[in-house]
Amino acid sequence: MTTSLIIPPAMVLILAGLTLPLFARLGLRSVVLVVAPLVTLWQVLTLTDGIHLAGAFLGQELILLKMDPLSRVFASVFSIMAFAGGLFALHQKSTLELSAAYLYAGSAIGVALAGDLITMFVFWEVMAIGSTIVVLSAGKSALGSGLRYAAIHMLGGVLLMAGVAGEIASTGSVTFDAMDLSTVPRMLIFAGFLVNVGAPPLSAWLADAYPEASWSGMVFLSAFTTKTAVYVLIRGFPGTEILIPIGLFMVFYGIVYAILENDMRRILAYSIVNQVGFMVTGIGIGTEMALNGATAHAFTHIIYKALLLMSAGSVLLMTGKRKCTDLGGLFRTMPLTCAFGIVGALAISSFPWTSGFISKSMISDAAGSEHLAIVWFLLAAASAGVFLHAGIKFPWFVFFQKDSGLRPPEPPLNMLVAMGIMAAFCIGLGIYPKPLYDMLPYPVDYVPYTGAHVVYQLQLLLFSGLAFFLLLGLLKRTMTITLDVDWFWRRPGKAIARFLDRFGVYTWEWLADAIVKGATKAHDALYRNYGPQGIFGRTWPTGTMAFWTTVTLGAVVILSYL
Amino acid sequence: MSLDNIPDTPHSVGGTNGDDNGADHWLVRPDTIRKLWIAFITTLILLVLADLFVEHHPHFGIDGTFGFGAWYGFASCVVLVLGAKALGFFLKRPDTYYDN
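In order, the protein sequences belong to chains A and B. Numbered per my numbering, the first sequence finishes at 562, counting up by one with no gaps. Numbered per my numbering, the second sequence finishes at 1100, counting up by one with no gaps.
In case anyone wonders, no lab produced these hints; they're calculated from the structure. All figures in this text were calculated on a predicted structure; none of them were measured in a lab. Note that CB positions come from ideal geometry on N, CA and C, so glycine has one too. Don't take each hint at face value.
[Stated by the list, open to error] To be clear about the criterion: a stretch of chain A counts as covered by chain B if any three or more of its residues have a C-beta under 8 Å from a C-beta of chain B, and this derived list gives those stretches:
no.	segment
1	366-376
2	447-456
3	469-476
[Claimed, not checked] Once the Cα atoms are required to be at most 27 Å apart in a straight line, the calculated DSS-like pairs of lysine-lysine come out as:
no.	chain 1	residue 1	chain 2	residue 2
4	B	Lys-1035	A	Lys-402
5	A	Lys-323	B	Lys-1092
6	A	Lys-476	A	Lys-402
7	A	Lys-494	B	Lys-1092
Go ahead and model the full structure; you've got the sequences and the hints to work with.
This is the structure in C-alpha cells:
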C-alpha cells in the first residue's frame, strides 16, 4: 500500500469546506458541494481494511486513517449524508454555513476513521467547532442557542480530553479499542461520549440548538454529532450495561417531549434523541446482533431523519413558519414534499418495507434473544410511541390537520431530488436490506421479513395510529414549550451569573471607592501637615529651631556616653 | 420549475378554512374522510385476524398471543399520551417564556 499517496477521506471534505468561499467567488460552489462528498464516498468504499496512514506526534504513534467494517459503515453514510445535504442546500445563501457543514461532515468521517484516541479527539473537537458555526450562521436568532450549544460541547470536550490524557498517562497507549469502566479516565471518556450522544442529564442541548439552525443547517446537524457518538460507543464501550437504562430513558424522553411540542423541527429534534436511544440500548445489550442492529439503525436513521428534516426544511423555507399551530393543509400545494415526508415518517416508525424496519427490529430481537423482558417490552411500547410522536404527528400537523390557508409552492428541484434520493434509500433498503447487512461488523444471521414479525409490527403501528386519531383532542397543539433541563442554565444559571456579575461589579466599585477614599484621606493628611497651612509647612521661629537643635545634640551626647 | 408537477393547485395564497362548499380538495371532504375511516377500521380488523394465520415465535409467551401487537400498541400510546399530558401540566409554559 502506498500510504504516502493517500489523501484521507476526511481531508477531502474538510478542504472542500475550507476552500468553499474561494470556489463561491469563482461561481463553482455548487460543483464543489456535489463533487467533494462523492469523491469521499468513493474513497471510503474503495479503501481496504487496515491502517493506511500513521505518524508520530508527541512521542505517540498516531493512526490517522484506519479502515474496518464498522468504520466503513459510518464513514459511508456520513459521505452519503454530506452529498444529499449539499445537494439540498445548493440555494443556501450563507456560504459560511455550508463551509462549516463540510468541515463538520469531514471531521465526523475523521472520527469514524481515527485509529487512536488523540486523532479521534482532534476530529471530535473540529466537529464541535464546525457544528457551532452551522448553528450560529442562521443569524441573530440562533446566537443564544448557539452559545449554549458551544458551552455544552466544550464541557464534553474537556471531559473527553481529561479522559484521553489520563488513559495515556496510566496505560501509556493511545489505542482506541473496547474499554471497560474500570478507571476514572475511562469514565471521563465515557462521559464525554455521552454528552454528544444526547444522554441525560444534558440531553436538552439538542432540542435547544438544532431547531434554531437554518432550513438546511439542521439537516446536517441531525446526522453527525449524535451518530459519531454512537460510533465511538460501539467502538469503545460495547456491552456496557449502564447504557441500557440510559438508552431507554432517551427513548421515552424523546417521545414524551415530542408529543408535547409545537415546533415541527423541535418535534424531530426530540425524536433524534428517541432514535439514538434505541441505538444506545443496543450498544448496552452488546451482543453481535445488538451491535449490528445499533450500527444498521445509525445508518438508516441518518437517512430517514435527514429526509424528514429536508421535508420540514422545505416547509420552513417556503412558508417561513415552523409551528404546527401555524401550519396545516400543505399537502394541496406541496404534494411531493408531503409524500417524501411521509416516506421518512414511515421509515422512522419502522414500517415494514422501509429501512427502519430492517434495522430497529434487530435491536428488539437482540433484547428478546437475551431474555431481557423489561427491555423488550419497553422497546415495543417505544416503537408504538415513535409512530405516534413522529410517524403520524409530523406529517399530520404539517401537511394535513386543518387548512392553514397557506398555499406555498414546492421547493426548488435540487431540494426535491435530494429528498427523492433519501426516500429511495428508505424504501430500497427496506425491500432489499442485503447491501447494508453485508457491510455490518458481524455476520448477519437475521431474517426481518417473517409473517409473524410483519403482522405484529403492522398491528403495533396501525393501532398506535388508531390511538392517535382517537386521542386527537388531547394532542391538539398549543402555543407552548415544555421546560427541559436547559431551564437550569437558562433561568437559575442566568440568575446566578447575573448575581455574580453584579456582585463583581459591587465588589469592584466598593474596592475602587475605598482606594479613592483612602488616597484622598492620605492626600488630605499630607496636605494638612505639609500644605501651606500645615504644621511642617509653616515658617518656624529661629528660637524653636535652636531649642530642637539643643535637644538633639543633648540626646547625641547622652547616647554616646551610655 | 417543479410547479408543473403539481396536480392540484386550486387556490393561490390565502385559502379558506375548508368550508367553501365542496370546492376544497377531495381528500378533506367529509365523504372521503368517512370512507378512509371505514378502510382503516377494516384493515385493523383484518390485521388482528391475520394473527390466526401466522406462526409465532414469541420470546416471552405473551408476545405470541392473539392480537398482542394490537392491544399493546394501542395501550402503550394511551399511556404515553396521558403521561405526557400529566408532565405537560407541570412543565408547559407559553412559547415566549425564554424571550425576556
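Enumerate the violated hints, using their earlier numbering and listing them in ascending order.
-> none
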